[in-house]
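> Chains as they are written, first to last, in this note's numbering: chain G, 7 to 408; chain U, 7 to 408.
Worth flagging that the hints you see were computed from the coordinates, not collected in a lab. For clarity, every value in this text was computed on a predicted model and none was experimentally measured. Possibly wrong hints are sitting among the right ones.
Copies of the same chain are indistinguishable here, so a pair counts whether it falls within one copy or spans any two.
DSSO-like, lysine-lysine: derived pairs with alpha carbons at most 30 angstroms apart [unchecked claim]:
(1) Lys-115 to Lys-91
(2) Lys-257 to Lys-108
(3) Lys-252 to Lys-87
(4) Lys-108 to Lys-259
(5) Lys-124 to Lys-259
(6) Lys-108 to Lys-124
(7) Lys-355 to Lys-327
(8) Lys-259 to Lys-115
(9) Lys-327 to Lys-360
(10) Lys-155 to Lys-259
(11) Lys-124 to Lys-252
(12) Lys-124 to Lys-352
(13) Lys-284 to Lys-87
(14) Lys-87 to Lys-115
(15) Lys-98 to Lys-124
(16) Lys-284 to Lys-108
(17) Lys-259 to Lys-232
(18) Lys-352 to Lys-257
(19) Lys-352 to Lys-98
There are 2 protein chains.
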Amino acid sequence: MQLRKPLLSALATCLLGAGLIGNTFAAPNDAETLGKIRDAAMQDDWAYQRLEDLTDLVGPRLSGSPGATAAVEQVADAMRKLGAKVTLQPVKVPHWVRGEEKGEIVDYKGRPANITQKVVLTALGGSGATPATGLTANVIVIRDFDELKARAAEVKGNIVLFDVAFDQAMADRGLAGPAYGRGSSFRTNGPRQAAELGAVAALVRSVGGANFRLPHTGLTVLADGKRIPAAAVSAEDAMLITRLSKRGPVKLKLTMTPQMLPEADSFNVIADLPGTEKPEEVVIVSGHLDSWDLATGAHDDATGVTGAMAVIKTLNQLGLKPRRTIRVVAWMSEENGGAGGNAYHKSNKAALDKQIAAIESDGGAGRSFGFQASVRPQYENCLPRCRNRWCRSAPACSSAAT
Amino acid sequence: MQLRKPLLSALATCLLGAGLIGNTFAAPNDAETLGKIRDAAMQDDWAYQRLEDLTDLVGPRLSGSPGATAAVEQVADAMRKLGAKVTLQPVKVPHWVRGEEKGEIVDYKGRPANITQKVVLTALGGSGATPATGLTANVIVIRDFDELKARAAEVKGNIVLFDVAFDQAMADRGLAGPAYGRGSSFRTNGPRQAAELGAVAALVRSVGGANFRLPHTGLTVLADGKRIPAAAVSAEDAMLITRLSKRGPVKLKLTMTPQMLPEADSFNVIADLPGTEKPEEVVIVSGHLDSWDLATGAHDDATGVTGAMAVIKTLNQLGLKPRRTIRVVAWMSEENGGAGGNAYHKSNKAALDKQIAAIESDGGAGRSFGFQASVRPQYENCLPRCRNRWCRSAPACSSAAT
Numbered sequence: 007m008q009l010r011k012p013l014l015s016a017l018a019t020c021l022l023g024a025g026l027i028g029n030t031f032a033a034p035n036d037a038e039t040l041g042k043i044r045d046a047a048m049q050d051d052w053a054y055q056r057l058e059d060l061t062d063l064v065g066p067r068l069s070g071s072p073g074a075t076a077a078v079e080q081v082a083d084a085m086r087k088l089g090a091k092v093t094l095q096p097v098k099v100p101h102w103v104r105g106e107e108k109g110e111i112v113d114y115k116g117r118p119a120n121i122t123q124k125v126v127l128t129a130l131g132g133s134g135a136t137p138a139t140g141l142t143a144n145v146i147v148i149r150d151f152d153e154l155k156a157r158a159a160e161v162k163g164n165i166v167l168f169d170v171a172f173d174q175a176m177a178d179r180g181l182a183g184p185a186y187g188r189g190s191s192f193r194t195n196g197p198r199q200a201a202e203l204g205a206v207a208a209l210v211r212s213v214g215g216a217n218f219r220l221p222h223t224g225l226t227v228l229a230d231g232k233r234i235p236a237a238a239v240s241a242e243d244a245m246l247i248t249r250l251s252k253r254g255p256v257k258l259k260l261t262m263t264p265q266m267l268p269e270a271d272s273f274n275v276i277a278d279l280p281g282t283e284k285p286e287e288v289v290i291v292s293g294h295l296d297s298w299d300l301a302t303g304a305h306d307d308a309t310g311v312t313g314a315m316a317v318i319k320t321l322n323q324l325g326l327k328p329r330r331t332i333r334v335v336a337w338m339s340e341e342n343g344g345a346g347g348n349a350y351h352k353s354n355k356a357a358l359d360k361q362i363a364a365i366e367s368d369g370g371a372g373r374s375f376g377f378q379a380s381v382r383p384q385y386e387n388c389l390p391r392c393r394n395r396w397c398r399s400a401p402a403c404s405s406a407a408t
Numbered sequence: 007m008q009l010r011k012p013l014l015s016a017l018a019t020c021l022l023g024a025g026l027i028g029n030t031f032a033a034p035n036d037a038e039t040l041g042k043i044r045d046a047a048m049q050d051d052w053a054y055q056r057l058e059d060l061t062d063l064v065g066p067r068l069s070g071s072p073g074a075t076a077a078v079e080q081v082a083d084a085m086r087k088l089g090a091k092v093t094l095q096p097v098k099v100p101h102w103v104r105g106e107e108k109g110e111i112v113d114y115k116g117r118p119a120n121i122t123q124k125v126v127l128t129a130l131g132g133s134g135a136t137p138a139t140g141l142t143a144n145v146i147v148i149r150d151f152d153e154l155k156a157r158a159a160e161v162k163g164n165i166v167l168f169d170v171a172f173d174q175a176m177a178d179r180g181l182a183g184p185a186y187g188r189g190s191s192f193r194t195n196g197p198r199q200a201a202e203l204g205a206v207a208a209l210v211r212s213v214g215g216a217n218f219r220l221p222h223t224g225l226t227v228l229a230d231g232k233r234i235p236a237a238a239v240s241a242e243d244a245m246l247i248t249r250l251s252k253r254g255p256v257k258l259k260l261t262m263t264p265q266m267l268p269e270a271d272s273f274n275v276i277a278d279l280p281g282t283e284k285p286e287e288v289v290i291v292s293g294h295l296d297s298w299d300l301a302t303g304a305h306d307d308a309t310g311v312t313g314a315m316a317v318i319k320t321l322n323q324l325g326l327k328p329r330r331t332i333r334v335v336a337w338m339s340e341e342n343g344g345a346g347g348n349a350y351h352k353s354n355k356a357a358l359d360k361q362i363a364a365i366e367s368d369g370g371a372g373r374s375f376g377f378q379a380s381v382r383p384q385y386e387n388c389l390p391r392c393r394n395r396w397c398r399s400a401p402a403c404s405s406a407a408t
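Using the sequences plus the hints, can you model the full thing?
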């Protein structure tokens, strides 16, 4: 979720998937109208075509990259073609670029002559760089933050590897989100904590269930003065380093040359379908337009963006006019800090009560399991009882206001 | 299978997994003895420790590489420690080394300004090189060999992509081997056929069910004068190129710098446990010692090698003496042509009838589904009826001769 501050109402209606709000239309807001919206959306491949455009023609869209710029233009053009009122909201975004990245186990007990071993790794977003000629140090394998504390005195001058296995059993129970969250806490916070203790670099075991010697990137939060090199290593390589460490000291050489460039100029793409009765009141449907750089971000989050775009397409096609303004937003820079969401919040701070509801789809496209929501206290009874964890179903709320 | 010429007998006994031959022991060859062998093997982690040594300490073992040399020494040492009679049989092996490898889609219809797209690829074993500055050409997407023939006139000067999906449904029916075989026929033979038609490079969609934008290497067979660059591209990238091709011409830039060096000196590692009654007659249990360079080849085929090594360990431990010589062989260079198997065959050509049986395990370690076998005609009735495809079970043969 990008924008947690605005409230969410009428959860049940939202479940139709079109991101619309109960009692929003001038047309009768009955089962028939809602059914028409659902059917029109399901029978049309317009959103899928936009998804293809975004992922096939543009590809990766990391904030500050040419892909992000192209994506802004492409989405804005598509929305203008629908007749929506398009605004490009300026956002200053982090501009981190990946460089060379290489890992090698250069020494360990039992190493045969002339043998070093490759480590498959990829820099985490925000990672610092090693010297261009690389950095060589011993590795300390850490299993959790308690162990990091307990072994704090050993960290200085070494590379810390957080070798924490992804909880596949948890994911298989339908709790992929929390399993990912647990794993990624080491990615987000581990390198910073290691840096504070004097580590010269930090590695985290790749988060996620797809091993296949595949490192999975993501954001790590580092303080500017202590921006050490930080990378995800594949599960297989993390396990190898851990096994070798049981035989004796393990020495790694890392060569990583990412750069943190000055902030870049970018945009949230905002496309409005004006309301007929309360045009100043806004209902947001959204996804984030940026993606990590290693893939095309189809599920994270081109489907969120293009699904939101199709809301205006579908309403136009059915000739339905919303009473409030439906605002499609393609947020910029969710992946590395949420600059787009913050810029929008800042620009609407004076009249946040006009932001009636905001939805972002950022859990991948597929069968819906539920919503995560933040609401004002008076609407709490609208929410399912399973707050603070992922819900498999969200009961209707009869008291949804406005 | 490395060595198809020697016959295989006594299939039922072999199924015990120790690679031994019926009526081989001086000790009573009864269920009790066989049970002891099985139990000793199952309760001991000696083979697993050797597997760790081979994959963790040495790692990849492509023929001609330092890893292959280290593996020869490590396995020979381990077998000497068991008291086996170790011979290093010289083998001249191909020496192909991977270089830089980069792919980029540099033009296509609908390409936004400043956008090019990365193609994740890896050179196939035996691939030729592009110029150091790369090679740029249009791509022709081909779905099967018939289409290649039909479009032969279009190939010259272009890059051919064989975009053939792995048959996951077939693999899921328990036929992973044939599914892999069907897919890898394009990898093995496609680039050569494309080269004959004047293609400047060839790409094949990565073979196997593990997508995750992962290219899977393997051997491609190219004629020396027409050693064009040949690579596996990830399934995702193959599909992207195919989709973009439907929009219009697609231009790729490939930079690949592998080298085919002069043949290198290497060895089959041969470790004998001499027979008490017919020491000149040999029963081979084996795996191949070399592996591809992108991983540690645990299943392909360190488990085959170390499982075979454990045959001598287990018999020694139980004090069992075979009547014929049990010969453990760690073959060199199976992956890129079978030089080790050929060298062994050549050196035993004069007295092939002394090679009573030969088993190689090269299907990964796990639950056994059956055997693939080549036998002399008189033993054909020993084989299950499902010759020429993979068998899920192999019935016992009561007529197995010695």
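> Now tell me, hint by hint, if it's right for this structure.
Tested hints:
no., hint, in the structure
1, Lys-115 to Lys-91, "between (65 angstroms within a copy, 28 angstroms between copies)"
2, Lys-257 to Lys-108, "both (14 angstroms within a copy, 29 angstroms between copies)"
3, Lys-252 to Lys-87, "between (62 angstroms within a copy, 23 angstroms between copies)"
4, Lys-108 to Lys-259, "both (8 angstroms within a copy, 23 angstroms between copies)"
5, Lys-124 to Lys-259, "both (10 angstroms within a copy, 26 angstroms between copies)"
6, Lys-108 to Lys-124, "both (8 angstroms within a copy, 18 angstroms between copies)"
7, Lys-355 to Lys-327, "within (27 angstroms within a copy, 86 angstroms between copies)"
8, Lys-259 to Lys-115, "within (16 angstroms within a copy, 42 angstroms between copies)"
9, Lys-327 to Lys-360, "within (19 angstroms within a copy, 89 angstroms between copies)"
10, Lys-155 to Lys-259, "within (25 angstroms within a copy, 49 angstroms between copies)"
11, Lys-124 to Lys-252, "within (19 angstroms within a copy, 38 angstroms between copies)"
12, Lys-124 to Lys-352, "neither (46 angstroms within a copy, 36 angstroms between copies)"
13, Lys-284 to Lys-87, "within (24 angstroms within a copy, 86 angstroms between copies)"
14, Lys-87 to Lys-115, "between (64 angstroms within a copy, 20 angstroms between copies)"
15, Lys-98 to Lys-124, "between (38 angstroms within a copy, 26 angstroms between copies)"
16, Lys-284 to Lys-108, "neither (56 angstroms within a copy, 54 angstroms between copies)"
17, Lys-259 to Lys-232, "within (19 angstroms within a copy, 38 angstroms between copies)"
18, Lys-352 to Lys-257, "neither (47 angstroms within a copy, 44 angstroms between copies)"
19, Lys-352 to Lys-98, "within (13 angstroms within a copy, 71 angstroms between copies)"
Violated hints, listed in ascending order, are 12, 16 and 18; each of the other numbered hints is respected by the structure.
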